[in-house]
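Protein chains in written order, with this note's numbering: chain V, 31 to 204; chain P, 31 to 204; chain R, 31 to 204; chain H, 31 to 204.
These are computed hints drawn from the structure, not numbers from a lab.
Treat each hint with caution, since some may be false.
Intra- or inter-copy, both count: the list cannot distinguish identical chains.
Said to hold, decoys possible - Straight-line distance between alpha carbons at most 20 Å, and here's what the computed DMTMM-like set of lysine to aspartate or glutamate pairs gives:
| no. | residue 1 | residue 2 |
| --- | --- | --- |
| 1 | LYS135 | ASP95 |
| 2 | LYS181 | GLU195 |
| 3 | LYS132 | GLU196 |
| 4 | LYS86 | GLU99 |
| 5 | LYS86 | ASP74 |
| 6 | LYS184 | GLU57 |
| 7 | LYS163 | GLU196 |
| 8 | LYS132 | GLU99 |
| 9 | LYS102 | GLU57 |
| 10 | LYS163 | ASP199 |
| 11 | LYS135 | ASP199 |
| 12 | LYS102 | ASP67 |
| 13 | LYS86 | GLU73 |
| 14 | LYS132 | ASP199 |
| 15 | LYS134 | ASP199 |
| 16 | LYS132 | GLU195 |
| 17 | LYS163 | GLU195 |
| 18 | LYS102 | GLU64 |
| 19 | LYS135 | GLU196 |
Protein chains: 4
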Amino acid sequence: MITLVSGTNRPASVTRQVVDIYQSMLEQRNISSEIIDLVDLPEDFISTALYDNSGKNATFQPMQDQMLEADKYVFFVPEYNGSFPGILKTFIDGLSYPDTFKGKKCALVGLSSGVQGSVLAMSHLTDIFNYAKMHVLAEKPKLLHIENHLKNGKMVNPLFSSLLEEQIDSFIRF
Amino acid sequence: MITLVSGTNRPASVTRQVVDIYQSMLEQRNISSEIIDLVDLPEDFISTALYDNSGKNATFQPMQDQMLEADKYVFFVPEYNGSFPGILKTFIDGLSYPDTFKGKKCALVGLSSGVQGSVLAMSHLTDIFNYAKMHVLAEKPKLLHIENHLKNGKMVNPLFSSLLEEQIDSFIRF
Amino acid sequence: MITLVSGTNRPASVTRQVVDIYQSMLEQRNISSEIIDLVDLPEDFISTALYDNSGKNATFQPMQDQMLEADKYVFFVPEYNGSFPGILKTFIDGLSYPDTFKGKKCALVGLSSGVQGSVLAMSHLTDIFNYAKMHVLAEKPKLLHIENHLKNGKMVNPLFSSLLEEQIDSFIRF
Amino acid sequence: MITLVSGTNRPASVTRQVVDIYQSMLEQRNISSEIIDLVDLPEDFISTALYDNSGKNATFQPMQDQMLEADKYVFFVPEYNGSFPGILKTFIDGLSYPDTFKGKKCALVGLSSGVQGSVLAMSHLTDIFNYAKMHVLAEKPKLLHIENHLKNGKMVNPLFSSLLEEQIDSFIRF
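Make a model of the complete structure from these sequences and hints.
Right under this line is the structure:
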């Protein structure tokens, strides 16, 4: 079971489209997966689920538990202002520490409208996950100019598809 | 006029204490300053002020305008999970781009309960602000084990005080 | 006077071509500059000029002095193995610390054969220069696929030329 | 078999002392290891073993082959100027690409005289090794003020010893 985290709360995001494509790729290999989409975070998340309110938001609690029980994650990381979305880090800040990530494994997929492919975002996230003692897969596909390579919910760039398939190959052995 | 940004929405934060100390140091030099504290972000900020809702939250709008009109910033950055607080980046994601930061100057102050002094947080933020074309001051004090060095709202570690004073010296010339 | 540092010791490098183009741009604005090219490092640099041998290599000494006396630098940084060339950091390790860089200002230009444009290299270098208390200009042009955009020693990509001109504009005011 | 890389060419380095301590810890678990010490790099390495001269230096060639044949590495990384030693990256630049590291696994140990514990050095190296498609272990001990914690070639800080033992535990399972 692999937990796919859609790393933005933007409604109807391109990121979620890529998550769905990735899930299809896993299905074709008979690998089960579940999706956690940050669009489902409660509206008042920042004031009712962090710090002294940790554990008190009934909507957030199931997401927190799901993250805690998961073993392997793939984080889909659109580039916002040269790094990851703030909401993704806020979500991480709201999880149980250190049990959620310690000793586990994850992979990262970077997406960007621009040319940078979320490369700094993934570098920053690697620092964060390593701090939390979670191992990060070396292969981190950078899907730049992503809007140009999606059509009707399908990936129409064969290079990008093969980068994702290679990441899955590597993640299975990781 | 220098704009001091308290980089967490944690109520009654240690970060805010350091901001107040810094403001006193500026006052003693007759440098005026204003404080933007992320604890004042509206509760539903993540769902009513980002993406297509940018500009639509009446509580957030004055903060956004204040950030836009500012010239020089000091960001106070506690270390959360090995980097900056997610809420600080979410706040940045909610500001006008590229006008808010382009061509401006800022300084960073790092705080941590642990030994790391927010050094990775400040590295990550530097990437983000440079991406936004804002110059970052080289001097980035790392106030590690910060709780041990504050007493009744005063900085009781002379080294930390001198690091902050040196940063102000350098920021004035920057 | 601006000191241009060609950041590789590879003979006849593309990096040096870009340095020469940059120097021409400065000349057209009547800004004087000098070039330090790492191809001129002595062959036995790593064993005769570092650590206890600092200051003992007669060929390296003039380069060290030139770096010490300079005020403003532009570093030209090709991407090797996802970061800056090791030789550039080794050169930095051989300079006087902390006098060489403290309180000074620099700009960075990234070059790559691949798609990444030396973005991580420039992030890493920014950490290093900030550690040494040197301010780094926010604008860091990323000249990706550089070989495709040079012809007979001229930059034939107008976008890249304008990025370099904008960097010079900003560096003058920095 | 684990390959331990002593990441500086400084003669009689503290780094090498830590490598020897680490090797003893491995021996006590009956794990065999070999040491590659950058102090053994040929004096003229930077001019006779890089770029078009790759493969032409008879002294360097065995080191290059040894790195190519290895499966698992631990890199010992002293902090020089806020990052890793330039010579370590120059060494990496001289290795066969992409075969040396692709698909392999490594661990990092950071050392510093100062308070930072080589944390940025290890972040930068992680970017480099991930670029080369080598997985990096999450646990990265930061042995700060290292000179204070060694005596007659022994580690006299029990916390540091246990951090290294925990890293070995984790690396075995990685």
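Going down the list of hints, with the structure as the test:
no.: 1; hint: LYS135 - ASP95; result: within (17 Å within a copy, 31 Å between copies)
no.: 2; hint: LYS181 - GLU195; result: within (19 Å within a copy, 38 Å between copies)
no.: 3; hint: LYS132 - GLU196; result: between (25 Å within a copy, 13 Å between copies)
no.: 4; hint: LYS86 - GLU99; result: within (19 Å within a copy, 37 Å between copies)
no.: 5; hint: LYS86 - ASP74; result: both (12 Å within a copy, 16 Å between copies)
no.: 6; hint: LYS184 - GLU57; result: within (15 Å within a copy, 51 Å between copies)
no.: 7; hint: LYS163 - GLU196; result: between (24 Å within a copy, 12 Å between copies)
no.: 8; hint: LYS132 - GLU99; result: within (12 Å within a copy, 31 Å between copies)
no.: 9; hint: LYS102 - GLU57; result: within (16 Å within a copy, 32 Å between copies)
no.: 10; hint: LYS163 - ASP199; result: between (23 Å within a copy, 13 Å between copies)
no.: 11; hint: LYS135 - ASP199; result: both (14 Å within a copy, 16 Å between copies)
no.: 12; hint: LYS102 - ASP67; result: within (16 Å within a copy, 36 Å between copies)
no.: 13; hint: LYS86 - GLU73; result: both (14 Å within a copy, 15 Å between copies)
no.: 14; hint: LYS132 - ASP199; result: between (23 Å within a copy, 14 Å between copies)
no.: 15; hint: LYS134 - ASP199; result: both (18 Å within a copy, 14 Å between copies)
no.: 16; hint: LYS132 - GLU195; result: between (26 Å within a copy, 17 Å between copies)
no.: 17; hint: LYS163 - GLU195; result: between (26 Å within a copy, 15 Å between copies)
no.: 18; hint: LYS102 - GLU64; result: within (11 Å within a copy, 33 Å between copies)
no.: 19; hint: LYS135 - GLU196; result: both (17 Å within a copy, 17 Å between copies)
Hint compliance for this structure: no hint is broken.
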